[in-house]
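One-letter residues, chain by chain:
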Amino acid sequence: MQQYSGFGLLKHGLSHHENWQRMWRNPPPKREYDVIIVGGGGHGLATAYYLAKVHGITNVAVVEKGWLGGGNTARNTTIVRSNYLWDESAWLYEHAMKLWEGLSQELNYNVMFSQRGVMNLGHTLQDMRDIQRRVNANRLNGIDGEVLDARQVKDIVPHMDCSANRRFPVLGASWQPRAGVARHDAVAWGFARGADALGVDMLQQTEVTGIRTSGGKVLGVETNRGFIGAKTVGVVTAGNSGVLAKMAGFKLPVESHPLQALVSEPMKPILDTVVMSNHVHGYVSQSDKGDLVIGAGIDGYTGYGQRGSYPTIEHTLQAIVELFPIFSRVRMNRQWGGIVDTTPDACPIISATPVGGLFFNCGWGTGGFKATPGSGHVFAATLAAGKAHPLAAPFTIDRFISGKLIDEHGAAGVAH
Amino acid sequence: MLHIYCPHCDEYREEEEFRPKGEAHIARPAEPESASDEDWGNYLFFRKNPRGLHHEQWFHAVGCRKFFNVTRDTVSYEILETYKVGQQPAVTAESRNGQASDKGAAK
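Respectively, the protein sequence lines represent chains A and B. For reference, each letter of the first sequence is one residue, going 2 to 417 in the working numbering. For reference, each letter of the second sequence is one residue, going 5 to 111 in the working numbering.
The hints are simulated quantities; they were obtained by calculation from the structure and are not laboratory data. Treat the hints with caution; some may be incorrect.
[Said to hold, decoys possible] 20 angstroms max Cα-Cα, derived SDA-like pairs, lysine to any residue:
id, chain 1, residue 1, chain 2, residue 2
1, A, Lys247, B, Glu60
2, B, Lys52, B, Asp77
3, A, Lys247, B, Glu98
4, A, Lys252, B, Arg32
5, A, Lys247, B, Val79
6, A, Lys405, B, Trp44
7, A, Lys405, B, Glu42
8, A, Lys252, B, Asp41
9, A, Lys66, B, Ala97
10, B, Lys52, A, Gly301
11, A, Lys66, B, Glu42
12, A, Lys247, B, Asn46
13, A, Lys31, A, Leu10
14, A, Lys12, A, Asn27
15, A, Lys247, B, Ile30
16, A, Lys252, A, Thr397
17, B, Lys70, B, Glu15
18, B, Lys52, A, Pro395
19, B, Lys52, A, Gly57
20, A, Lys247, B, Ala97
21, A, Lys247, B, Leu48
22, A, Lys252, B, Asn46
23, A, Lys31, A, Gly57
[Stated by the list, open to error] Just a sample of chain A residues kept apart from chain B, beta carbon distances all over 10 angstroms, derived:
id, residue
24, Gly67
25, Glu102
26, Ser115
27, Ala138
28, Glu147
29, His160
30, Ala394
31, Thr397
Positions of the beta carbon are idealized from the N, C-alpha and C atoms, including for glycine.
Model the full structure from these sequences, guided by the hints.
What follows is the structure, encoded as structure tokens:
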């Protein structure tokens with residue numbers, strides 16, 4: 002793998018940047034691999050990378066029906082934080098946060114991780130009590146967090162309307178300074194480049210059409226390019242997880258919903274942090290390019306169409322304008338939808354399945370991007386050992402039978 | 005924006021008047037006392053979540069405030085029929101695959 006550096010940039014400048022190496026190969030599928038990862042998004046590519054890097058398993062294929070990082074990895078609002086209420090999820094997301102902090106160096110690829118802080122606003126007394134509880138829980142778990150009052154919020158985000166006579170006045174916020182945003186495409190590309198250099202095959206435009214099993218064990222996957230064998234298959238397909246589970250013959254406690262986001266025209270710097278509000282329900286940050294990146298809740302109905310409905314967009318922008326009247330005349334450039342796989346307790350599923358050798362990593366719902374390196378790290382360990390990594394152990398499918406749910410609904414700082 | 009035919013109001017209304025309420029035709033365990041953890045887990049949490057035809061409940065929240073069922077394609081979002089609670093769908097995945105002529109937006 003060609004190392005990237007300032008000197009390399011200078012050197013390639015002398016040849017007009019015409020001789021850069023391709024970041025990954027495009028190999029034909031082999032007949033058999035040790036491990037197949039289905040789904041070439043951030044989580045799947047991170048899984049492949051850590052399988053090769055940490056566990057030395059390099060005979061791995063990532064099978065992707067479209068192109069790498071073209072699904073939800075390309076469609077999210079890039080927010081990274083770890084201020085979750087319950088221990089299990091806080092540990093998992095904090096594990097990811099620690100990996101984020103060294104990721105650009107680890108991958109020799111600039112993922113533009115910017116720890117500009119994330120603010121979760123409180124608009125009612127109950128919001129503020131919940132915020133205090135969550136911040137205290139975070140600090141007990143070693144995660145940074147502060148409770149801010151309205152004046153401190155105003156100091157950090159002077160353009161937000163924090164006056165007391167709003168319909169939804171800002172009473173305060175929780176503040177995680179280590180949180181921030183990252184460049185979503187770069188995360189997928191960085192992991193793909195790193196995994197490819199260690200020998201992982203990226204099989205793009207290869208759609209899984211069936212999962213072949215025998216005697217309750219997985220044998221491999223049927224694809225539009227023929228059968229590919231593997232004794233271990235990890236499925237990381239977000240919104241389409243239910244479809245893959247059906248191929249393998251079982252159901253998941255997952256429903257797929259459209260989640261929309263939009264970006265504005267680029268503007269001069271005005272917002273240097275991430276503002277989220279559970280109560281009026283919207284979140285906004287400004288990208289390095291200058292456009293506002295805006296998101297909110299899922300569409301209520303299930304869907305696979307990668308688009309949602311206009312009432313949801315209108316609701317989202319109402320929330321943003323309520324917080325930032327100054328943005329009321331900003332024009333929106335683009336709007337899109339991704340398909341998120343929501344679980345009843347708003348926590349992911351990282352689990353073995355009724356089929357031997359077949360593992361699922363799904364159910365990240367609306368908040369999967371922030372977990373990308375952590376998700377891949379623990380899922381790789383799970384695939385390598387054949388049993389759950391300690392941080393992944395609480396996130397089994399069985400919890401929906403036993404009732405041991407990890408209820409992050411509404412507790413996680415923003416409604417899902 | 006979806007236009008949804010409310011079988012109680014006998015009219016098409018806009019999506020904003022309605023709330024989706026998830027998969028329809030889920031039977032509560034007939035004998036709760038003897039239902040196992042697995043029965044309860046399946047009833048509460050596990051859903052078909054199909055990519056294709058979906059029979060689902062909708063609630064006419066700012067209209068007649070009654071529940072009804074909708075058969076909708078989850079890829080195109082096309083609504084194929086709406087019908088009252090207690091009735092069975094006329095359009096199903098089997099009937100749709102079997103014959104090319106759909107009934108369209110039937111009542």
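Status of each hint after checking the structure:
1. A/Lys247 to B/Glu60: holds (19 angstroms)
2. B/Lys52 to B/Asp77: holds (13 angstroms)
3. A/Lys247 to B/Glu98: holds (17 angstroms)
4. A/Lys252 to B/Arg32: holds (18 angstroms)
5. A/Lys247 to B/Val79: holds (17 angstroms)
6. A/Lys405 to B/Trp44: holds (13 angstroms)
7. A/Lys405 to B/Glu42: Answer holds: A/Lys405 to B/Glu42 is near 13 angstroms, not above 20 angstroms.
8. A/Lys252 to B/Asp41: This hinted pair holds, its Cα atoms lying about 16 angstroms apart.
9. A/Lys66 to B/Ala97: Violated. A/Lys66 to B/Ala97 sits at ~25 angstroms, over the 20 angstroms cutoff.
10. B/Lys52 to A/Gly301: holds (16 angstroms)
11. A/Lys66 to B/Glu42: violated (34 angstroms)
12. A/Lys247 to B/Asn46: Holds - the C-alpha atoms of B/Asn46 and A/Lys247 are around 15 angstroms apart, at most 20 angstroms.
13. A/Lys31 to A/Leu10: violated (35 angstroms)
14. A/Lys12 to A/Asn27: Violated: A/Lys12 and A/Asn27 sit about 26 angstroms apart, past 20 angstroms.
15. A/Lys247 to B/Ile30: holds (18 angstroms)
16. A/Lys252 to A/Thr397: holds (14 angstroms)
17. B/Lys70 to B/Glu15: holds (14 angstroms)
18. B/Lys52 to A/Pro395: violated (24 angstroms)
19. B/Lys52 to A/Gly57: violated (38 angstroms)
20. A/Lys247 to B/Ala97: holds (15 angstroms)
21. A/Lys247 to B/Leu48: Given that 20 angstroms is the threshold and the Cα spacing comes to 19 angstroms, the pair holds.
22. A/Lys252 to B/Asn46: Cα-Cα ~9 angstroms, so holds.
23. A/Lys31 to A/Gly57: holds (19 angstroms)
24. Gly67: holds (16 angstroms)
25. Glu102: Per Cβ check, A/Glu102 is outside 10 angstroms of chain B; nearest 35 angstroms; holds.
26. Ser115: It holds; A/Ser115 is separated from chain B by about 35 angstroms at its closest Cβ, greater than 10 angstroms.
27. Ala138: holds (25 angstroms)
28. Glu147: holds (36 angstroms)
29. His160: Holds: least Cβ distance 30 angstroms, greater than 10 angstroms.
30. Ala394: Per Cβ check, A/Ala394 is outside 10 angstroms of chain B; nearest 19 angstroms; holds.
31. Thr397: holds (12 angstroms)
When held up to the earlier numbered hints, the structure conflicts with 9, 11, 13, 14, 18 and 19 and fits the remainder.
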